[in-house]
Amino acid sequence: MTSISSRRLRKELSEIQTEGCPTGITLLNADNFETWYFSIEILGESLYQGEVFKLMFRFDSSYPISAPAVQFVVNQESTAPVHPHVYSNGHICASILGTEWSPVLSVSAVCVTLQSMLASCKSKERPVDNDRYVRYAPDNPKKTRFHYDDDTV
Amino acid sequence: MDYVEQPNSNLICCICHAPFTNPTTARTCLHTFCHDCITIAVQHSPQCPIDRSSLSLDDLSPANPIVKHLVDELIIECPNRVSGCAQTFQRQLLSTHIKDACQYVEIPCSEEQCDKLILRKDVGKHQDACVYRSTQCEGCGAIIKYSDLSTHNLECPSKSATCSFCFEEFPRSQSHEHATTCLDYEILCTQANNGCSWTGPRRQLSEEHVLSCPYEAIKGFFSINSAQISSLNTENAVLRQKVYTLESAVQTMQRDIQTFRNVLGPWYRSHTQDQTPSAPFVPPSINTFDHLFSAPSGPSPSSSRTTAQPSSSADHGEFATHNEIDALAPYFPLQHEHAFQESHNYPRSRRSFSGIVDPHLSQRTLPLTPVAPLNLSTSLEGSLSGLRDSIAAVSTSVDSLARRNDIALTNESMRLNEELGSLKYAVHGIRLQLHRLMMDRNAQVTGRGGELPLGLPGNQTIFHPPISMMAPPFPGTPGTKL
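Going line by line, the protein sequences match chains H and D. With the first sequence counted from 1, adding 41 to any position gets you this note's numbering. With the second sequence counted from 1, adding 42 to any position gets you this note's numbering.
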C-alpha cells in the first residue's frame with residue numbers, strides 16, 4: 042500500500058526535521074519517498090575517526106512492513122568503510138536489514154544501529170568472500186541472501 | 043490527518059507512527075497496533091513487530107475500549123484546512139463533518155445537466171450563476187433554462203422584431219398583422235392562381251401592376267370559367283359514382299352468368315352461333331329421332347312438333363336478349379373468348395347430326411345402336427321434353443310387347459296340355475295290355491307248381507305293382523323294372 046509507506050515516511054521525515062537526527066548523522070537529501078541520503082560519521086574513539094560515509098536508503102511501497110534497501114554509496118567522492126560486514130561495493134551484511142527487520146524500526150534506528158556497528162569494529166578488514174561477492178552482487182542488496190554468522194561486530 | 047496537540051506516545055502505532063486507527067491488540071504479547079498495520083505485518087511475517095514473538099491473525103482482537111475512546115476523541119484539524127476550513131473536532135466526527143458541515147468539500151451542482159463540482163460554501167453563488175439554472179423570460183414569463191435564454195429571445199413573442207422590408211420595429215406577436223398591412227411587404231399578384239408570376243411590394247400592386255396585368259383584364263372570364271369547371275367537377279364526381287355502381291352491378295351479373303353457364307353445361311351458347319344453323323335443322327334431327335320409334339309409338343310425332351315450337355320461340359327470346367347484351371360485349375372479354383371456343387366446338391358436333399353429313403352418319407350408326415343420339419341443337423327444355431316423350435313411347439311399346447307375349451305363351455301351353463293328355467291315354471292302354479300279359483304269364487308259372495325255388499307269396503307283390511305306382515301319367519318306371 043503506497044499510502045501507508047508514504048504516510049509513514051512523511052511522518053519520519055517531519056520527526057527528523059523537527060527533532061533532528063541522532064548525533065553524527067545528517068540528512069543530505071529526501072526529495073521524494075523513494076530514495077534518501079544520509080551522511081554518517083563515528084564520533085569518539087574508533088577505527089573510523091575522521092571518516093565520513095554516505096548512506097543510501099531505498100524504499101518500496103511495502104515499507105515499513107518490509108525493510109528498506111540500505112547501502113553505503115561508493116563513487117568518486119565517497120567510499121564504503123572497510124569493515125568485516127561491509128562489502129567494497131557498499132552492501133552491508135546486517136540482520137536487521139534482512140530477516141531481523143521489524144516494522145517497528147525506522148530510518149534513524151537503522152542509522153544508529155549501523156553507527157554502533159562501525160564503532161564497535163576491532164579491525165579494519167573486508168569480508169572474507171568480498172571479491173567473489175562483489176563480482177556477482179546484484180544492484181539491490183535486498184536481493185542478496187546473507188548468512189549472518191557473526192553477532193559480535 | 044493532523045492532530046491539534048501531539049498525541050500521547052502510548053497511543054502511537056509503531057508501524058505507521060500515527061495514533062491508532064481501529065486499535066487491535068495481540069492476545070499473546072498484548073502489544074497494540076492499528077488493525078490494518080498489524081494485519082499486513084503479520085501476513086508478511088508471522089511475528090510481533092516489537093518483540094518478534096510468534097503471532098498469527100487469530101491472535102489479534104480489538105483493543106480495550108478505553109484505548110479506542112482515547113484515540114477517537116483526539117482533536118484533529120479538518121483535512122480541508124489547506125482549502126480554508128479552520129474547524130477542529132474529535133477524530134470520530136470527521137466523517138460527519140465532511141458529509142454535512144465542511145464548507146470546503148466539493149459537491150456536485152443540483153442542476154442535473156451541470157456536471158461541475160462546487161465547494162459547499164459556493165453552492166449559493168453557483169446557483170445564481172449556473173448556466174443550467176431555471177430563469178424566467180422577462181417578456182413572456184416562461185420558465186426556461188438560462189442556457190436556452192438566447193435562443194428563446196430570438197423567438198419570444200414579446201420581444202420586438204424588425205420587418206425585413208420596411209425596417210419598422212414592433213412586438214413579435216404582431217408580426218402577422220404587420221405582414222398583412224406593410225406596404226413594402228413582398229406579395230404575389232392577386233391573379234397569381236390564374237398564372238400571373240408578378241411579385242413585388244404591396245404598394246406597387248394597386249398603383250402599377252393592376253393596371254398592366256394581363257390577367258387582371260380578363261378577371262370576369264376567370265370567374266365564369268372557374269364556376270363552370272367546378273360544376274363540371276361536381277358532375278364528374280356524380281358520374282364517377284354512377285360508373286362505379288354500374289361496374290359493381292356488371293360484376294354481379296358477370297358472376298351470375300358464369301354460374302348459369304356452369305349449370306347449363308353444353309346447352310349454353312351465345313345467340314350468334316346457334317341462331318342460323320339451329321332453326322332450320324332442328325325439325326329434321328327430331329324427325330330422324332322419331333323415325334326410329336315411329337312403328338310402336340303413337341304420340342311421338344305430335345310431341346316432336348310441340349317440342350320444336352317452344353324451342354324456336356325460346357331461341358327468339360334469346361336472340362332479343364343477346365342483342366342487348368351485345369352492346370356491352372366489351373365488358374365480357376373473357377367470357378366472349380370462352381364462348382368463341384365453345385362456338386368452335388359445338389357447331390361441328392351439331393352439324394354432324396343435322397347437316398349434310400347427317401344421313402350418311404346415321405345410316406352407318408343405326409344398325410349398331412338403335413338409339414338416337416342426344417339432340418344438342420334445341421334448348422335444354424326442348425331436349426328434356428323430347429327425352430321424356432321417347433321414354434313414354436318406349437314404355438308403351440314394352441307394354442304391348444308384354445301383352446302379346448302373354449297371349450302366345452297361353453296358346454302354346456294349351457296345345458301342349460292337349461298333346462300330353464292324348465299321350466297319357468295311349469300309355470294307359472299300353473299298361474293295361476302289359477298287365478294282362480303279365481297276369482297270363484303269372485298264371486303259367488303258378489300252374490307248374492314248385493319249379494321256382496322262391497315259391498313265396500311275396501312273388502305276387504313283386505309282379506303286382508302297387509296302385510300308387512299306377513297313378514303317374516308316365517308309366518316308365520314300372521316298365522323298366524320289368
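Heads up, a few of these hints could be off.
[To be verified] With a Cα cut of at most 20 Å, we get these calculated DMTMM-like pairs of lysine to aspartate or glutamate:
#: 1; chain 1: H; residue 1: Lys52; chain 2: D; residue 2: Asp44
#: 2; chain 1: H; residue 1: Lys52; chain 2: D; residue 2: Asp190
#: 3; chain 1: H; residue 1: Lys52; chain 2: D; residue 2: Glu119
#: 4; chain 1: H; residue 1: Lys183; chain 2: H; residue 2: Glu118
#: 5; chain 1: D; residue 1: Lys261; chain 2: D; residue 2: Glu277
#: 6; chain 1: D; residue 1: Lys466; chain 2: D; residue 2: Asp448
#: 7; chain 1: D; residue 1: Lys466; chain 2: D; residue 2: Asp482
#: 8; chain 1: D; residue 1: Lys261; chain 2: D; residue 2: Glu249
#: 9; chain 1: H; residue 1: Lys95; chain 2: H; residue 2: Glu141
#: 10; chain 1: H; residue 1: Lys163; chain 2: H; residue 2: Glu86
#: 11; chain 1: D; residue 1: Lys110; chain 2: D; residue 2: Asp157
#: 12; chain 1: H; residue 1: Lys52; chain 2: D; residue 2: Asp78
[Stated by the list, open to error] Chain H regions said to be covered by chain D (calculated; three or more residues, Cβ under 8 Å):
#: 13; region: 49-62
#: 14; region: 99-111
#: 15; region: 144-153
Simulated from the structure, these hints should not be mistaken for laboratory data. For every residue, glycine included, the Cβ atom is placed at its ideal position computed from N, Cα and C.
A quick look at each hint next to the structure:
no., hint, result
1, H:Lys52 / D:Asp44, "holds (11 Å)"
2, H:Lys52 / D:Asp190, "violated (53 Å)"
3, H:Lys52 / D:Glu119, "holds (16 Å)"
4, H:Lys183 / H:Glu118, "violated (24 Å)"
5, D:Lys261 / D:Glu277, "violated (25 Å)"
6, D:Lys466 / D:Asp448, "violated (27 Å)"
7, D:Lys466 / D:Asp482, "violated (25 Å)"
8, D:Lys261 / D:Glu249, "holds (18 Å)"
9, H:Lys95 / H:Glu141, "violated (23 Å)"
10, H:Lys163 / H:Glu86, "holds (11 Å)"
11, D:Lys110 / D:Asp157, "violated (40 Å)"
12, H:Lys52 / D:Asp78, "holds (17 Å)"
13, 49-62, "holds (count 4)"
14, 99-111, "holds (count 4)"
15, 144-153, "holds (count 3)"
Checked against the numbered hints given earlier, this structure breaks hints 2, 4, 5, 6, 7, 9, 11; the rest are met.
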